[in-house]
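Asks: Listed here are the chains, written in short residue letters.
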Amino acid sequence: MSDNLSFLYNDELTVLKLRKLYEDKGFKKFRMSKFESYDFYARNKDFLVGNRIITFTDLNGKLMALKPDVTLSIVKNADDSAERQKLYYTENVYRESKDIHEFKEISQVGLEVIGNIDLFQTVEIITLAIKSLLELDENAILEISHMGYTEGLLDCLTNDTHLRNELHKLFKEKNAHDLIKLADAHSLPKSPVTTAVDVMSCKSANEDAINNALSNSLNSRMQDAVNEVNSIYNLLKISGLEKHIRIDFSVTDDPSYYNGILMHGYVHSIPRDVLSGGRYDMLLSKMGKENTQAMGFAIYFDALDRKLHIRNKNGTDVIVLYSDNSDIKTLADFCNKLDSENISYTAVTQIPEITYNSKIYSVEGTDVKEVTL
Amino acid sequence: MISVALPKGRLGNKVFDIFAKIGYDCDEMHSDSRQLVFTSEENGISYFLVKPSDVSIYVEHGAADIGIVGKDILLEYEPDVYELLDLNIGKCRMCVAGKNDFIDNPDVALRVATKFVNIAKTYYKSINRNIEIIKLNGSIELAPILDLSDVIVDIVETGTTLKENNLGVLTEILPISARLIANKASYKFKTEEINKIVTKFSEELQK
Chain D
1 MSDNLSFLYN DELTVLKLRK LYEDKGFKKF RMSKFESYDF YARNKDFLVG NRIITFTDLN
61 GKLMALKPDV TLSIVKNADD SAERQKLYYT ENVYRESKDI HEFKEISQVG LEVIGNIDLF
121 QTVEIITLAI KSLLELDENA ILEISHMGYT EGLLDCLTND THLRNELHKL FKEKNAHDLI
181 KLADAHSLPK SPVTTAVDVM SCKSANEDAI NNALSNSLNS RMQDAVNEVN SIYNLLKISG
241 LEKHIRIDFS VTDDPSYYNG ILMHGYVHSI PRDVLSGGRY DMLLSKMGKE NTQAMGFAIY
301 FDALDRKLHI RNKNGTDVIV LYSDNSDIKT LADFCNKLDS ENISYTAVTQ IPEITYNSKI
361 YSVEGTDVKE VTL
Chain P
374 MISVALPKGR LGNKVFDIFA KIGYDCDEMH SDSRQLVFTS EENGISYFLV KPSDVSIYVE
434 HGAADIGIVG KDILLEYEPD VYELLDLNIG KCRMCVAGKN DFIDNPDVAL RVATKFVNIA
494 KTYYKSINRN IEIIKLNGSI ELAPILDLSD VIVDIVETGT TLKENNLGVL TEILPISARL
554 IANKASYKFK TEEINKIVTK FSEELQK
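Going line by line, the protein sequences match chains D and P.
1 is the number of the first residue of the first sequence in the working numbering; add one for each residue after it.
374 is the number of the first residue of the second sequence in the working numbering; add one for each residue after it.
Please keep in mind that the hints were generated in silico from the structure rather than gathered at the bench.
Any given hint could turn out to be false.
[Said to hold, decoys possible] Simulated pairs of lysine to aspartate or glutamate, DMTMM-like, Cα-Cα distance not exceeding 20 angstroms: (1) Lys563/P to Asp208/D; (2) Lys464/P to Asp178/D; (3) Lys76/D to Glu91/D; (4) Lys573/P to Asp198/D; (5) Lys98/D to Asp427/P; (6) Lys563/P to Glu96/D; (7) Lys169/D to Asp459/P; (8) Lys359/D to Asp305/D.
Note that the coordinates shown come from a computational prediction; the quantities given were computed from them, not determined experimentally.
Turn these sequences into a full structure, and let the hints guide you.
Replies: Shown next as structure tokens:
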């Protein structure tokens, strides 16, 4: 972006760049209201990050909520008759902060595709996720996994829901030692446990990870998952983006909402994922939109604040100092001259405490003099 | 460069000795200086010693790439980190303890004194027992003696303190040992280095 925008903070600039990235691929901006019926979120509470929602009663006595999420609203408002809808958003959501036990406002940018999600569309979304991360860090990493792999693996281990939940948690922690103990305690079959421990270890580069995952596949669900990831990976190689991909088949999420590809994006100096998303057909079927597919991702700007809330330029180019003794016409002429030369200025009667590196001019009578501090 | 948060005290010293053995020694750690961060450029590692319960905070927030922490802390605070290895050292048990003659009355809420509120709540929820939590920060064993609580939930190593105060273990909730944890983002960018440490550590522990 041009130097004329140097007054913007990097996070504001990044949002504009992301908007251009998405608009250039035909995504339309989705605008939502700040409030939704509480009932709507309460029905889909498991999908939300954190359980707490800010609620209030509106003038008609209806319980409303300050939006904790954007995806749910997009899905609810999606046009069922359209073949495919491509939407992006820049919105603030209101969520509970685990650290401070208070609500906080989180700025999010994201996109969602609802309708027919074929391989090409999946790759387009993943490509946009990588390019979004590259706007934040040229060495960013997008971790890719597939719900089908972990779910297929769990199918081989147990059908017990409680046990599956425990195994899910251990997958998320990459906690192979406790997974082995849990499997021993419940006499789970050895072969899928060995596969689970192997995929958790992340010891292979992408192509080896795909080959290992395929040779360790124990059912068609796992095989299909690996084949899909492999096809995506090969297509990403065409655009040279594969070096930003890290394939990890042990990454998983809530199976009642997600199916298919999962994504988590990481940038240097931020200790957690800044992008997350994936394929979530299950959410749509929960909301009565069976046979509709959906995939998307969100970037969390709260995590990026420290990295991005800086700007290249502070203050104005010039500070114009005037007083009762200044000739008003001389002052106006000088300011008009600065305007015509595209020089930013602020006219003040006292030198500010912080002057950054601005040049300071003083209008004394009909004279304009540069002031050195 | 990998940064490591070690718990101050016996466990931290023991773990550092293992790090030194597997090729991550740091001369600065052997000196009596008042330094807070110890770095070995040649071995690509830096250490800092923190309160054991703070290790997971340093790792979760990315101030350290990896850390060594008790399972009790992980269960209590549930930090969003990877738990890569069970070191099988620093072993102890998380237990319910009380007076030796304690008889539970299921008709009233059980008064539980503990530092580990989350662990105690989770345990009693799993057995559907109604409780009242009394959060203490130390000298937990005093609570049942002074009738502040019916039982305590705490870490038991040898059980000597309990015995000396006429208390005993009523139930063992779970075994505790030291774990090697990693920050999730650090693990993505330093996968090889962290995996190398985990492998070497694991091999050394099996010797």
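Asks: Taking the hints in turn, state whether each one holds.
Replies: Comparing the hints with the structure gives:
With a C-alpha separation of about 18 angstroms, the suggested pair Lys563/P and Asp208/D falls inside the 20 angstroms cut-off, and the hint holds. Among the hinted pairs, Lys464/P with Asp178/D is consistent with the structure: their alpha-carbon atoms are about 15 angstroms apart, no more than 20 angstroms. Straight-line distance between C-alpha atoms of Lys76/D and Glu91/D comes to about 16 angstroms, which keeps the hinted pair within the 20 angstroms bound. Only pairs whose Cα atoms come within 20 angstroms are accepted, and Lys573/P paired with Asp198/D is accepted, the gap being roughly 17 angstroms.
Annotation: proposed proximity of Lys98/D to Asp427/P holds, straight-line Cα distance about 16 angstroms (limit 20 angstroms). Simply put, Lys563/P and Glu96/D have alpha-carbon atoms about 30 angstroms apart, too far for the 20 angstroms limit, and the pair is violated. For the hint pairing Lys169/D with Asp459/P, the CA-to-CA distance comes to about 16 angstroms; that is within 20 angstroms, so the pair holds. A C-alpha spacing of about 30 angstroms is found between Lys359/D and Asp305/D, which places the hinted pair above 20 angstroms, so the restraint is violated.
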